[in-house]
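Peer 1: Here is how the chains run, residue by residue.
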Amino acid sequence: MAEMSTRDWLLSDLPTSRRQAKLGQTYRTWLLLRQNRLAMLGLGIVALLIVMAIFADVIAPFDPYAGGDLRTERLLPPSWTHLMGTDDLARDIFSRIVYGSRVTLLVVAMVAIIATPIGLAVGTTAGYFGGWVDTVLMRITDIFLAFPRLILALAFVAALGPGIENAVIAIAITSWPPYARLARAETLTIRNTDYIAAIRLQGARSPRIIWGHVVPLCMSSVIVRVTLDMAGIILTAAGLGFLGLGAQPPQPEWGAMIASGRRFIIDFWWVATMPGIAIFVVSLGFNLLGDGLRDVLDPKGEK
Amino acid sequence: MARVSLVACDRLEVTFGNGPDTVRAVRGISLEVSRGESFGIVGESGSGKSTVLRAICGLAPISGGAVRIDDRPVDTPRSAAFYRNVQMVFQDPYASLHPRHTVDKVLSEPLAIHGFSDVEDRIEQALNDVGLGTGFRFRFPHQLSGGQRQRVAIARALILEPQVLLLDEPTSALDASIQAEVLNLLDDLRTRRDLTYLLVSHDLAVVAHMCERLIVMQHGQVVEELTRAALQRKEAQEDYTKDLLRASAGFRAPIHD
Amino acid sequence: MSDILHVKDLRISFPSRSGPVEVVRGVSFDLGRERLGIVGESGSGKSQTGRAILGLTPPSGRVTAERLEFDGIDLRGASPATWRKLRGRRMSMVMQDPKFSLNPVMTIGRQIVEAFHRQDNAPKSEAKDRAMVMLESVQIRDPERVYNAYPHELSGGMGQRAMIAMMLITEPDLLIADEPTSALDVTVQLDVLRILDDLVTQRGMGLIFISHDLRLVSSFCDRVLVMYAGRMVEELKASELHNAQHPYTRGLLNCLPQIDGGQRPLPTLRRDPAWLA
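Chains as they are written, first to last, in this note's numbering: chain A, 1 to 303; chain R, 1 to 257; chain Z, 1 to 277.
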């Protein structure tokens, strides 16, 4: 029997193990995503962000914290030495942007890791059980939804002090309600299907049904929503940084960089604009990726 | 040999909603199915026939009357023993399998819930029993045809070795040629495993083929109870049953000049 | 009695990951003012054939034919203007489920009047009168109520009759009915068929009746075309059905359970791969 190429193995119509079936599905989804050029662009940008964060030490030419000579190297325009110029403390902006990607990535990852499970859990439980469970959980969700992120972050900062960790918590706490709503809406549809009826008829209890049957079907919409939200999360973190509530100086957080560059926007535009462009590009990347994922992970499940 | 009543409904009532939205889907029907029998329920949409099945297995609430299995009233909620005894095959093969679960997972989950040990053997046996090779084991539902999905649904229903199978329009969504295969499979399984069937359909021909006795339902009530023989002799008493028989014969064009 | 529709070697293909897939492979027939049934299982290409005649093939599909002619008008590559003159006026389609083919946010009356206005800019009152006449002709006993009702307020049978009224108000020459009674209860099916029968006979229309139900089609139509995997495997007069030659047709007839049958197990269709050629 001839050796099957990996690709053939993945696309086989008669998989012989769970692993093969699941990997095959993932591969097929990847092939679909690959056809969408904009989504690939988005994926490229996100990948670039990750690479920048991991290899910051190698990529950044200068130290993001230590400045150069305060007399001669402040506020230099972009040049071949300083690709994005220097700021008012003679620090290389490009290096700060590169190191700042770590902060951005940290914020985005932490918020996703914290908010998504909470949103899924609340939403699927509320949707599946209905009745007073639904009412209580949804009213709690409404309470959290009522807080604008920045206001809550201010409250947190007042209570716990400024810093990137508190900013992350504040953003996560205000991010999960839409995921809960989304998960609940999906659950309401799924709840009435025959396959849920069938598993109930086999004596499955609610936790097994919610975790094993409902959540996998909600995952697609939630993943898409989280990806699209990332742009907003980055902007919120930037906003907090701008207000001085997120990362504290001298941490190279992009929002804080915009804040401190505000004073120089007329004569030394690059100090505020470069981090602004970085935020814009990364947000766009996540948006494009999210859109592409939405097309591919169609939650209406013809798949 | 005395006929043992295996599934019985006593003046069963099922009502949904309350106030102005109340729907009395089933209004006091009684039936009795003996062990090893194949019993049919025929009716059009809105007759309540599917609701009867759902009430028997606990998917719809019993608002009045009783359901008895083995002459004992069922517990609400149903017990694990009930689920090992009574299983259901649903109508739409495109909706009764979880879209993200492989056939393997569909079959192994009930075994896991009830603590069966020899999972591998049982899954292979189940797939063979319904005429699907083991090559189908790790496919997803969207990689299966309608007939194949329905076979998986039947395998799933039988893997817990129930005595009673509730069949809710099992072939309505299938092409005619596939329907014949699935009906033959169900027939074969009933004989081999000594199963008891409660089959619901809108198609009088399917019910007449599969069932020895049947009731006709309309608006949640029993219109008439018949045997297959009586149906074949066109000995229907009630007008509605006669209408159904006429309609099943197809269209006869009025004679034009 | 001249033929109004000529179809010769109709082929429809759709793109797929492994290259174009032909879903209709060389269907040919002529239709006069008669009832033609096209029977097939899912995937046989029968619905796509009907849609191609009305130019409703999805944009990704490729339709070619040696001849596709309606009343002398070449339908191949017809311009949007030509289609506008034909569709809804001289050629109409009734689909399976009125729940999905009627606009849910417009009253029935408005939809019928709109269908009428497309052909004829008659004054509003005349349009309404025509609509009421049409509703009565499909045996709706309370046409005023149905005129003002929304689709979700009607039963399946009534909705389908309203659909027929809407499609026939312009007095088309050709009606294509794609599974018009499949979503209806069996007692209602006959009523709707009877109405179709009357209207088709009275108006001398050509009717193409697409269905999976061979028995129903043979009891209703004059001629039957059996399709399998995109090909026509048999064409015969409905009255000659018992003399069907092709094994697929015979198999399809025999595999159906009958009330007064008794054959156990039911004969199943043995699919000969030669039929796919």
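To be clear, the hints were calculated from the coordinates, so they are not data collected in a lab.
Among the clues, some could well be false.
Claimed, not checked - Residues from chain A that face chain R, not an exhaustive set, calculated with beta carbons under 8 Å: (1) 5; (2) 18; (3) 44; (4) 217.
Stated by the list, open to error - Computed Cβ-Cβ distance ranges for the label pairs, DEER-style: (5) R/73 to Z/271: 18 to 28 Å; (6) A/26 to Z/271: 55 to 65 Å; (7) R/235 to Z/237: 26 to 36 Å.
What the hints assert, rightly or not - Quick look at which bits of chain Z chain R covers, simulated, 3 or more residues with Cβ under 8 Å: (8) 102 to 110; (9) 189 to 198.
We treat Cβ as the ideally placed atom computed from N, Cα and C, and that holds for glycine.
Peer 1: All hints, please: hold or fail.
Peer 2: Against the structure, the hints come out as follows:
1. 5: violated, 19 Å
2. 18: holds, 6 Å
3. 44: violated, 28 Å
4. 217: holds, 6 Å
5. R/73 to Z/271: 18 to 28 Å: Given range 18 to 28 Å: violated, Cβ gap about 48 Å.
6. A/26 to Z/271: 55 to 65 Å: At roughly 34 Å between Cβ atoms, residue 271 of chain Z and residue 26 of chain A fall outside 55 to 65 Å, so the hint is violated.
7. R/235 to Z/237: 26 to 36 Å: This hint holds: roughly 35 Å between Cβ atoms.
8. 102 to 110: Our answer is that it is violated, as 0 residues pass the Cβ test (under 8 Å) against chain R, missing three.
9. 189 to 198: holds (count 5)
Consistency with the previously given hints fails for numbers 1, 3, 5, 6, 8, ordered from lowest to highest.
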